[in-house]
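Residue numbers (this note's numbering), protein chains in the order written: chain A, 1 to 180; chain B, 1 to 180.
Possibly wrong hints are sitting among the right ones.
To give an idea of the interface, some chain B residues facing chain A are shown, with a C-beta separation under 10 angstroms as derived from the structure [unchecked claim]: (1) Val109; (2) Ser110; (3) Arg116; (4) Asn127; (5) Tyr136; (6) Pro137; (7) Glu139; (8) Leu141; (9) Phe154; (10) Gln158; (11) Thr159; (12) Glu161.
Keep in mind the hints are simulated off the structure, nothing from the lab.
Every residue, glycine too, gets a C-beta built ideally from N, C-alpha and C.
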Amino acid sequence: MSTTTATLTADEFVRLLDTEEQRVELFDGEVVDMPSGGPNHEQAKSNLNEILVVWLLQHRAGKVYNESAYRLDDRIVQVPDLSVLGSERLKRNIEDRFRGAPDLAVEVVASETAERLQTKIRLYFKHGSKGVWSVFPGSRIVQINHPNGRAETLEQDQILEDGEALPGFTAPVSAIFEGL
Amino acid sequence: MSTTAATMTIEEFLKLPEVEGEKMELIHGEVVSMAYAGFLHERVKSNLNKILVVWLDRHPLGQLFLETTYRLDGEEALAPDLSVLRNERLTPVTRELPLGAPDLAIEVVSSETAARLRTKIRLYLENGSKAVWVVYPEERLIEVHRANETIAVFGQHQTLEDPGALPGFTTPVSAIFEGL
Chain A
1 MSTTTATLTA DEFVRLLDTE EQRVELFDGE VVDMPSGGPN HEQAKSNLNE ILVVWLLQHR
61 AGKVYNESAY RLDDRIVQVP DLSVLGSERL KRNIEDRFRG APDLAVEVVA SETAERLQTK
121 IRLYFKHGSK GVWSVFPGSR IVQINHPNGR AETLEQDQIL EDGEALPGFT APVSAIFEGL
Chain B
1 MSTTAATMTI EEFLKLPEVE GEKMELIHGE VVSMAYAGFL HERVKSNLNK ILVVWLDRHP
61 LGQLFLETTY RLDGEEALAP DLSVLRNERL TPVTRELPLG APDLAIEVVS SETAARLRTK
121 IRLYLENGSK AVWVVYPEER LIEVHRANET IAVFGQHQTL EDPGALPGFT TPVSAIFEGL
């Protein structure tokens with residue numbers, strides 16, 4: 001994670017995103033590189049994207065976004081690999097839709113440090129997420145983090161559900177890691 | 001995180017010459033350098049060391065070890081920052097490194113990746129640890145992982161306990177992060 005020294009506001013940063021070719025986030029006013037994902041990361045992301053898109057279409061429960069930038073506050077912009085905005089959130093006007101954290105944020109873990117991932121999870125919850133899923137392609141594990149500080153580890157032979165973030169949703173964990 | 005390409009057995013690993021300033025672990029047969037630890041990490045480790053030594057002195061159900069290498073199986077050797085072996089595992093004639101994971105493994109997070117940390121947690125639990133405490137100095141929080149159970153997260157204003165691994169033990173989380 002490299003950082004530049006000058007700090008920016010979230011508004012300045014989002015304008016920068018339009019011109020920036022690198023994948024970056026804003027953390028405490030500092031522009032930080034996003035970890036790059038290898039083939040396993042991309043495959044798991046694509047699998048989970050499919051699963052979520054199909055389920056949300058069937059249940060008309062919201063939309064999936066890919067690498068969308070959320071302004072958590074004036075100095076923090078986070079870009080989850082995948083995110084879901086529920087139907088209520090989608091009623092907001094377009095300008096406000098990406099203010100605050102998504103209802104569900106999904107981080108497919110790549111090369112980020114453990115401490116950085118923990119910070120991101122905390123910030124998503126601080127700014128309103130109902131669930132944060134950490135997907136570990138290497139270990140084939142999904143960790144479901146809840147706003148109350150509890151978390152569950154789900155392995156390949158288990159069923160993924162998250163009643164708070166996506167009520168009614170279920171998927172076999174193995175489907176997320178298919179083809180890896 | 002540097003890795004060498006060749007894999008080796010635990011016997012070969014344990015015969016490796018010592019390298020000044022470098023600690024190694026063996027994960028899936030690969031020799032990996034342990035994460036570089038800053039002073040924040042050392043300070044937290046020292047606090048926890050004090051708390052656990054004092055508690056175990058009064059409640060003699062096991063012994064505390066520091067950066068001790070455990071042979072988990074043929075191709076895994078991990079050295080948690082701190083670990084506790086319960087008395088049942090401490091036979092007086094034990095000269096060899098203990099086989100299997102410690103009853104309690106404690107990892108104070110420094111620069112390691114989230115993915116590496118996740119692999120280690122899993123290996124400890126699969127090889128017999130009753131619990132793994134993951135301590136995040138920057139975030140000032142502690143996760144307690146147990147096999148097939150919800151992960152418990154303890155923040156600064158909470159009391160850490162772990163009836164499974166250390167029955168009767170409690171400490172304010174703030175004591176672990178004292179001085180930071």
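Can you give the numbers of the hints that this structure goes against, from lowest to highest? Structure breaks hints 4, 11, 12.
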